[in-house]
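Chains as they are written, first to last, in my numbering: chain H, 199 to 503; chain P, 391 to 477.
Simulated from the structure, these hints should not be mistaken for laboratory data. Bear in mind that the values here come from a model prediction, so they are computed numbers and not experimental data. Misleading hints may appear alongside valid ones.
As the list claims (entries may be wrong) - List time: in silico DSBU-like cross-link candidates among lysine-lysine, alpha-carbon distance up to 35 Å:
#, chain 1, residue 1, chain 2, residue 2
1, H, Lys499, P, Lys439
2, P, Lys428, H, Lys270
3, H, Lys350, H, Lys499
4, H, Lys495, H, Lys359
Claimed, not checked - Reference excerpt, derived from the structure (chain P facing chain H, CB under 10 Å, subset only):
#, residue
5, His407
6, Tyr409
7, Leu410
8, Gly411
9, Pro412
10, Asp415
11, Phe417
12, Arg420
13, Ala448
14, Val449
15, Ile452
16, Asp455
17, Ile458
18, Tyr462
Backbone N, C-alpha and C define an ideal beta-carbon position, used for all residues, glycine too.
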Amino acid sequence: MKLFKRPLLAYVIVTVFYFALVILLPANHRALAAYNISPLQYHTILFLAVVPYIGIWFAAFYGFGKLREYAKIISRSAEGEDFHTLANGIKWLAYGLPATAIISIILNTIADHYHRFHSTAIISNNYINILIPLIAFTYLSRGSRNLTERVKIRLDFSGAKLIMAALAILGVLYCYFTFRHFDLQSVGSTNNPYFIPIWLMLLTVAIPYLYSWFIGLLAAYEILLYSRQVQGVIYRQALQFLGLGTVAVIVSLISLQYTSSIVPRTGFISLNSILILNYLIRIIEAIGFWLLAVGAKKLKKIEEV
Amino acid sequence: MPAYDPPLYDRVLRVTHVYLGPAADRFIARQVQNHLDKRPEDISVDDLKMLIDWIRVAVSLITEDSDIIEEYTAQLMRLTVPQKRPK
Chain H
199 MKLFKRPLLA
209 YVIVTVFYFA
219 LVILLPANHR
229 ALAAYNISPL
239 QYHTILFLAV
249 VPYIGIWFAA
259 FYGFGKLREY
269 AKIISRSAEG
279 EDFHTLANGI
289 KWLAYGLPAT
299 AIISIILNTI
309 ADHYHRFHST
319 AIISNNYINI
329 LIPLIAFTYL
339 SRGSRNLTER
349 VKIRLDFSGA
359 KLIMAALAIL
369 GVLYCYFTFR
379 HFDLQSVGST
389 NNPYFIPIWL
399 MLLTVAIPYL
409 YSWFIGLLAA
419 YEILLYSRQV
429 QGVIYRQALQ
439 FLGLGTVAVI
449 VSLISLQYTS
459 SIVPRTGFIS
469 LNSILILNYL
479 IRIIEAIGFW
489 LLAVGAKKLK
499 KIEEV
Chain P
391 MPAYDPPLYD
401 RVLRVTHVYL
411 GPAADRFIAR
421 QVQNHLDKRP
431 EDISVDDLKM
441 LIDWIRVAVS
451 LITEDSDIIE
461 EYTAQLMRLT
471 VPQKRPK
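Using the sequences and the hints given, assemble the complete structure.
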């Protein structure tokens with residue numbers, strides 16, 4: 199698709215489309231009742247709440263665009279395919295940001311008008327939030343693994359232990375925070391904020407999340423390792439921006455998934471401390487995408503002079 | 391058995407690898423083809439001074455770290471001195 203070849207054009211289109219949805223879609227009745235506000239106030243609050251997305255999405259699309267340009271320049275080299283795979287992962291993350299936001303606002307609006315659709319909207323939003331990062335992390339993991347193997351950099355034991363420890367803590371806390379919303383006496387009950395039985399939650403949400411975080415953390419570590427140990431002092435200087443950027447993007451995305459999954463979705467904007475936390479994480483994510491773009495630009499410069 | 395004396399191009403590449411890592415091959419090939427109008431494997435000691443000048447210009451566009459630029463070009467300059475063969 200031509201749109202995928204022009205990330206900044208795609209960014210403008212999806213951003214305009216999303217903001218049109220924010221302004222034009224009818225106000226959420228449950229949000230109006232919960233905060234005791236008028237539809238105009240609702241739209242104003244929602245608009246202001248999503249304004250930071252303009253910058254965050256721009257950073258994501260810009261970062262992806264620059265990395266793809268670099269991958270294209272070195273496409274005939276040995277590591278060209280690996281950078282192309284990394285760029286594909288970043289593409290899924292960049293396009294995933296507006297995609298999840300657009301799907302979410304449409305599903306929530308439908309659910310607000312057809313109450314029987316509410317559970318479907320929540321379930322769909324939850325699965326979309328697992329699927330897109332999982333695909334992205336799979337690409338990033340494959341790219342980072344191939345890069346490190348190509349220059350014979352091996353994951354050291356202390357690094358592996360650190361990842362395993364982080365994953366164990368993440369996993370245990372995730373299970374604690376999530377499963378306390380469930381009635382553990384009734385395995386098949388869907389009477390919970392996730393609208394699925396606990397066994398389905400475990401098999402199709404918890405396990406994929408843990409797997410996704412594992413390959414995400416591993417990819418982040420391998421990219422960092424590659425950017426610090428690969429030969430070439432000048433090459434490494436440029437690559438470290440890309441490495442740090444990718445790490446920031448992966449870690450912030452895992453944090454976002456974490457907060458959005460342990461705090462059940464309501465189907466409308468929640469004006470609470472979690473929203474502030476989400477903004478902080480998204481700012482780190484945007485900085486990550488920006489660092490990634492800076493790194494890709496520096497690497498591209500090496501190939502152009 | 392006579393000692394193996396690697397071609398000049400390989401020696402330039404080996405030095406460049408220390409600074410540009412996986413990008414070294416492409417970088418040197420570009421400098422030689424664009425500025426010396428030769429195939430990379432055909433460079434001779436006579437070409438080396440001009441090549442180093444071009445490399446200095448190119449690298450200063452990539453990094454502002456003058457110490458690295460000096461170190462890199464000094465390493466390349468050493469290749470202009472004929473190497474003593476071990477007896």
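Against the structure, the hints come out as follows:
1. H/Lys499 x P/Lys439: With a Cα-Cα distance of about 23 Å, the restraint between H/Lys499 and P/Lys439 holds, given a limit of 35 Å.
2. P/Lys428 x H/Lys270: The given pair, whose Cα atoms are some 25 Å apart, holds under the 35 Å limit.
3. H/Lys350 x H/Lys499: holds, 26 Å
4. H/Lys495 x H/Lys359: holds, 33 Å
5. His407: Result: holds, 6 Å to nearest chain H Cβ.
6. Tyr409: holds, 5 Å
7. Leu410: holds, 5 Å
8. Gly411: With a minimum Cβ separation of about 2 Å from chain H (threshold 10 Å), the hint on P/Gly411 holds.
9. Pro412: Since the shortest Cβ distance to chain H is 5 Å, the answer is holds.
10. Asp415: holds, 8 Å
11. Phe417: Because about 7 Å separates P/Phe417 from the closest Cβ in chain H, which is inside the 10 Å limit, the hint holds.
12. Arg420: Holds: closest Cβ of chain H sits about 8 Å from P/Arg420, inside 10 Å.
13. Ala448: Holds, about 4 Å.
14. Val449: It holds, given that the least Cβ distance between P/Val449 and chain H is near 7 Å, below 10 Å.
15. Ile452: Holds. Min distance 5 Å.
16. Asp455: holds, 8 Å
17. Ile458: holds, 6 Å
18. Tyr462: This hint holds: P/Tyr462 lies near chain H, its Cβ roughly 8 Å from the closest one there, short of 10 Å.
Going down the numbered hints, you'll see the structure goes against none, and every one checks out.
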